[in-house]
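Visitor: Chains as they are written, first to last, in UniProt numbering: chain A, 1 to 246; chain B, 1 to 150; chain C, 1 to 589; chain D, 1 to 119; chain E, 1 to 86.
Quick caveat, the hints were computed from the structure, so don't treat them as lab data.
Given the structure is predicted, the values throughout are model-derived calculations rather than measurements.
All clues given are correct.
Simulated restraints, written as ranges between beta carbons of each label pair: (1) E:Asp81 x B:Gly14: 42 to 48 Å; (2) A:Tyr122 x B:Val112: 22 to 28 Å; (3) E:Arg82 x A:Leu196: 58 to 64 Å; (4) B:Ala127 x E:Arg82: 42 to 48 Å; (5) C:Val65 x B:His81: 56 to 62 Å; (6) A:Leu121 x B:Gly93: 36 to 42 Å.
Far from chain E, by Cβ distances over 12 Å, these chain A residues were calculated: (7) Leu9; (8) Gln100; (9) Val185; (10) Gly188.
Note that the Cβ used here is the ideal one computed from N, Cα and C, for glycine as well.
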Amino acid sequence: MSRRLRLWLLAVGGAGLAAVLAAACLELPGFGGRSHPYGTRAVRASLARHTANTIASVNFDQRAYDTLGEMSILFAAVLGCVVLLRQARDEHRERPRPAQVARPVRRYALLVVPAALVCGLYIVAHGQLSPGGGFQGGVVAATALHLLYLGADYRALERVRPLGAFEATDALSVCAYLVLGLAGVLAGTAFLANTLLPYGTFNTLSSGGFVPLLNAAVGMEVASAVVVLLANFLDQAVEIVEEEAG
Amino acid sequence: MNGWILAATVELGGGGAAALWGVTTGPTARRVVAQNLTTAALCPALLLLAQGYGRPAYVDLALLLALLGPVGTLVFARLLHEDLEGRRPSAWGLTYAVAGVGAAVVIALCAVTGPGRAMVKLLVIGALLIGGNLIASRALSGGFRGVLGG
Amino acid sequence: MHHLLPLLVAVPLLGAALLAAAGRRLPRPAAELTGLLVCAATAALALVLLLNSSPPVVEWAGGWVPVGGESVGIEVIGDGPSLGMATLVSLLTLSALAYSWRYFDEPPRGHAGSFPALMLVFQGAMCGFALAGDLFNAFVFFELMSVVAYALTGFRIDEAKAVQGALTFGVVNSLGAYAMLTGIGLLYARTGELSMSKIGRGLDTAAGHGGPDALVLAAFVLVLTGLLVKAATVPFHFWLPDAHAVAPTPVCMLLSGVMVELGVYGVWRVYGTVFAGPGGIPAADLTRALVTLGVLTAVTGAVMCWYQRHIKRLLAFSTIAHTGLFLVAVGVLTPEGDDGAALYILGHAGVKAALFACAGALLDRFGSVDEHELHGRARELRATGVLFAVGGLALAGLPPFGTGLGKAVSEEAVGGPLTVVYVLASAVTAGAVLRVAARVFLGLGPPPEDTDAYETSGSAERPETSGLLRRVPDTMTTVPAVLLAAALAMGTVPGFGDLVARSVNEAGSGGARASAAWTLHGVLLGLVSAALAVALATAAVTRSHRPSAPAWMTPLRRLQSGHVGDYVAWLLLGSTLLAALALPGVLGG
Amino acid sequence: MSALMQVLPYLIAAYVFLTGCYGLATSRNLIHAVGCLSVCQVSTYILLLAVGYRSGGTAPVFSDIKPGTRPLVDPVVQALTLTDIVVGATVTALLLALVLQIVKRHGTLDPDELRELRG
Amino acid sequence: MSDALILVALLLVAATATAAVAQRDPARQALVLSVLGVFLAVLFTVLQAPDVGLSQLAVGAALTPLLIMLSVRKIRRRRRDRDGAR
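With the hints as extra help, turn the sequences into a complete structure.
Guide: And the structure:
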């Protein structure tokens, strides 16, 4: 199809969809309205289970089944990337040459890596209390690890990154989440039912029943998944070379 | 209604628009500098917002931005070093000005919060923000000179 | 019992996670055996639940049973259609895994478990989507199923076509999913709920006596865009041939056999639960939209199918044609239509998976799936040839295959001139399959000449096994044979049709009952289709020179350009078309 | 001002979606196309959060406020958006992986130059 | 007043999204996307969704640009190798 024809199609389709969307926007309840029945119920349910962060309660208790799907998406995507970015038949690996980085940058990186890891851990651990949680903290911790690549070089990163262990952790965290869910079925309540553990004291680290456990499982999963994901992309960008040209 | 939110609006409007203009025009090297300054300009806005809404919990966002913003810039500095070669961008005047704004905001907030854990957190954010920014600027203006392979 | 419903998702996911965790240590046969066992266990669980699904059960994940009609949890539906789809998914995954036993040449080094693990995640995702009673949950599993499908489609990274098809698939389906999510956001804004049944009630309450408004229309269009992209309805269908022609054969069996049909199932479920009330989209408008698009899909799919030479691509277009037929049956909104679509989907899954399995055998034996190149070369593969031909006849709806029963019931339900579409679409697609069978397995007719037409040939494909096979392994003939036998059983086991009809109607049509059994009318129409298919195939094979595609076909073929940008433009146009088709009811209301 | 503010966030979400689609359809570079797809997804975040916003409300996170003292915004849409962001990141990663393989096998990033899978 | 703040954040996001689509060079687009991530985080804070803001910062400001830039680098390196071999 020619570019011109495609633009015409796009114009017609886009205009139609724009009209539909605009008409719908005018019918939507005004921005900032007060009616949120599900939201109100969610807040009540969260307080009843002593979870200070309602969003964590929705994610890891009320709609924990959605989060199972979400973490499976991440798990599947990592598995998919490992498969798609594997070394093909006509490729080989080349050791990257060591990089030289200005000293202040190197120092900054070495200083910030532990700070970022602590920060990531803090965000995961306080997930059920303050904003944050397994996902956010996991990404921070995993991304921070790559400061070693940015500030030093790829070999430094590879030294602290046993890939097999991270892959296994990724999968085992998914297992842990599922096993926690299945515990509910075995106990005769329901899948992912948060009824087995005491709800604890409101606004403390151990409150919310199994919310902190699920949160930790997601945190581990996300951190190791992001490490594996980035490792595959880094391998492509740095190590893997195609054999013949043309 | 309070002045904190007003200040945040001004900071967001001014800093944001400038950052947007900087990152969409000009040579690549200039754009990376603008990307770096976005972090520096918006992190104080997040701190002001947390204060304005009366929600100390929102400070975590500023912490994360102060931590990850420079990391993002280092990504570009490392992976775009061919583009940065030759025309080393530096906007030291602007960098110091933005860092100054950040410092001023942190100091003002410290004065309001008073001593305690919250103040320590603010100071950590301030240190990370300003330190990270200066380092990232340094990296952009030649920190990776002589980088090989990897 | 109902507490076990979410296990249909949890068990395959657990199996996949264990496989991935142990993947580095596990030898390949152990990994594949684990995959088979977990899959079989899920299938057994689905069957047990299916047998206990009358009356329909509902499970609240997390144990958030509604208090005073209000819940914060997620609804998981266990009625006949949802568990039926889950069972179909599980059984088909089982057969795909059995088919791929010792199949791929080279699992990624150190990741022997990754293919079975991905297949298990795929199974879990499709089960989750089938069981979802909550709109956002449906979106999550929709996306999970898509993500796995992209990875599986691009599995053979050495193939230029495979990675391109997977990317097109990924972009178009993701965009469809985002459209669906936007629609869910609109519905949430109006009703403040996420459970499908509560959204439906919320829409009715909000509309009062006024009927639907622009917001309902937009939400309908956006949610259906997502589902119809999955169901490969014209003009959202372009990704399907590109993806199905290039995916590994066991994956094709799942994609064509059940994933696409899940889109149709989603349309049925979402319309029936969310938009069927007075505050939703009026029945006449839905019928107009679905029947128009369905007929368009059936015709386009059938015509394009006829002019393919790449065998897997040909089968992919035939899936498109049949999906159009399912949509028409669902679109007439009668209990009989639902029954017909359900039976047709069941039969079609077995037949289409068997046909893909046979095409896979050709690919691995000869390194080609090109009709012209393979002319007469596959004489030695008697068993595969017989299966392929029988599959073709079953595709035409020859009684007593399950496809025939489904087609007959659907034809009865739609009635009138639409019957012609059913007969023609199934005859043309089946004719194409039989033509391939005659040329490839029997070497009938003169070898077709190559033209430099705008088309994808299937020559010089890399086999999926390590090197070309010397003989086709038993699994590769047993699996299609079993699948065809199952399709045959669906039409012959007495009472099967009624059983399906009863469980579908119990869930969907508010107690209305229809019976689904062979009628004289249906048998005759099935015979007519089959005869027509044979006639078409004979005519094509015996013509002395291959008539190149007529001139009016060229624009149609050019539309299938393999270009992501084109497909995105079509997606937007399609949603506009959908809105236009559903508009009268909103204006009138 | 306030009448406009009633619908503006929704309209901006719709605008961003269509802009992303435009970029996707006219893209000459597959990496750019993947970026445009993530722009499309941004629109869903904006829409969902705009739907859940409540004037004068604050986040339902009770680590630093007492329950019941202030009006609250809707927590459910926030949870949905969180899921959505994860989905977006993973889809981006997966599609980029496919793009890398396309470059290897086809030697080009321009969708106009991909000459397989036609007709 | 808070309306004005929301307005500013929304307009910034809309403008940046447009710019992200208009930048045809992937490396430059990644820069804009990273800025878009930060603006979105601010918008989410303004809409009282700090949790979402945090994950947007983590994903949008660091992870996605890193992924895109690694892809760009791979392609550039490949091109360089090809040119060198010729």
